[in-house]
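Given the sequences, and given the hints that come with them, work out the whole structure.
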Amino acid sequence: MSYPPPIYHGDSGEVSAHVVPADLEPALVYPNGNKVFYLAQGSATQGTFGLYRWEFAGPASGPGAHFHRTITESFYVLEGTVTIFDGKDWVKCHAGDFAHVPAGGIHGFRNEDGAAKMLLHFAPGAPREAYFEGLAAGMGQLDGDAYDRFMREHDNTWV
Numbered sequence: 000m001s002y003p004p005p006i007y008h009g010d011s012g013e014v015s016a017h018v019v020p021a022d023l024e025p026a027l028v029y030p031n032g033n034k035v036f037y038l039a040q041g042s043a044t045q046g047t048f049g050l051y052r053w054e055f056a057g058p059a060s061g062p063g064a065h066f067h068r069t070i071t072e073s074f075y076v077l078e079g080t081v082t083i084f085d086g087k088d089w090v091k092c093h094a095g096d097f098a099h100v101p102a103g104g105i106h107g108f109r110n111e112d113g114a115a116k117m118l119l120h121f122a123p124g125a126p127r128e129a130y131f132e133g134l135a136a137g138m139g140q141l142d143g144d145a146y147d148r149f150m151r152e153h154d155n156t157w158v
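Numbered continuously in numbering that gives the first Met the number 0, the sequence shown closes out at residue 158.
Worth flagging that the hints you see were computed from the coordinates, not collected in a lab. Idealized CB from N, CA, C, for every residue including glycine. There could be a bad hint or two in this list.
To be verified - With a straight-line cut-off of 25 Å between C-alpha atoms, the simulated DSS-like cross-links for lysine-lysine are:
hint, residue 1, residue 2
1, 116, 87
2, 116, 34
3, 91, 116
4, 34, 91
Unchecked claim - Ranges of calculated distance between the beta carbons of each label pair, as one might list FRET restraints:
hint, residue 1, residue 2, range
5, 31, 2, 38 to 44 Å
6, 139, 77, 20 to 26 Å
7, 14, 140, 40 to 46 Å
8, 28, 68, 25 to 31 Å
9, 11, 46, 33 to 39 Å
10, 58, 6, 38 to 44 Å
11, 97, 64, 15 to 21 Å
Here it is as structure tokens:
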């Protein structure tokens with residue numbers, strides 16, 4: 000494996016770092032108390048990735064088995080326990096555990112053991128914010144064609 004082709008062609012570098020403080024306010028707070036923090040949106044990373052901190056408030060929640068056609072997804076557990084579906088089994092993951100799911104990989108995640116925190120990484124940097132915001136607004140509760148359309152628009156295929 001080799002390095003990809005250059006994406007920066009300047010000679011001296013540039014001031015362009017993106018720093019996010021730890022005390023960032025959540026971008027979303029779900030009705031169940033879950034919080035989502037936008038650490039690096041695809042729009043800020045030239046579409047290379049998106050990074051989000053997800054904080055489970057305690058009530059059991061999280062998506063069942065699904066896959067994405069256009070993006071990979073990775074999980075890094077920061078605190079507590081997050082149960083991640085690896086395509087075969089629901090695996091209890093603890094602080095420091097990491098899971099990567101290639102495009103097409105069947106997966107899911109949920110908290111079953113109280114409050115937990117994790118990082119979600121998507122590559123490339125698809126606009127997942129609209130998906131998270133739609134779920135917070137109740138789009139996940141739609142029925143029939145509207146639900147299917149919302150999920151297709153956001154590259155979620157349920158198994």
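Numbers of unmet hints, in rising order
9
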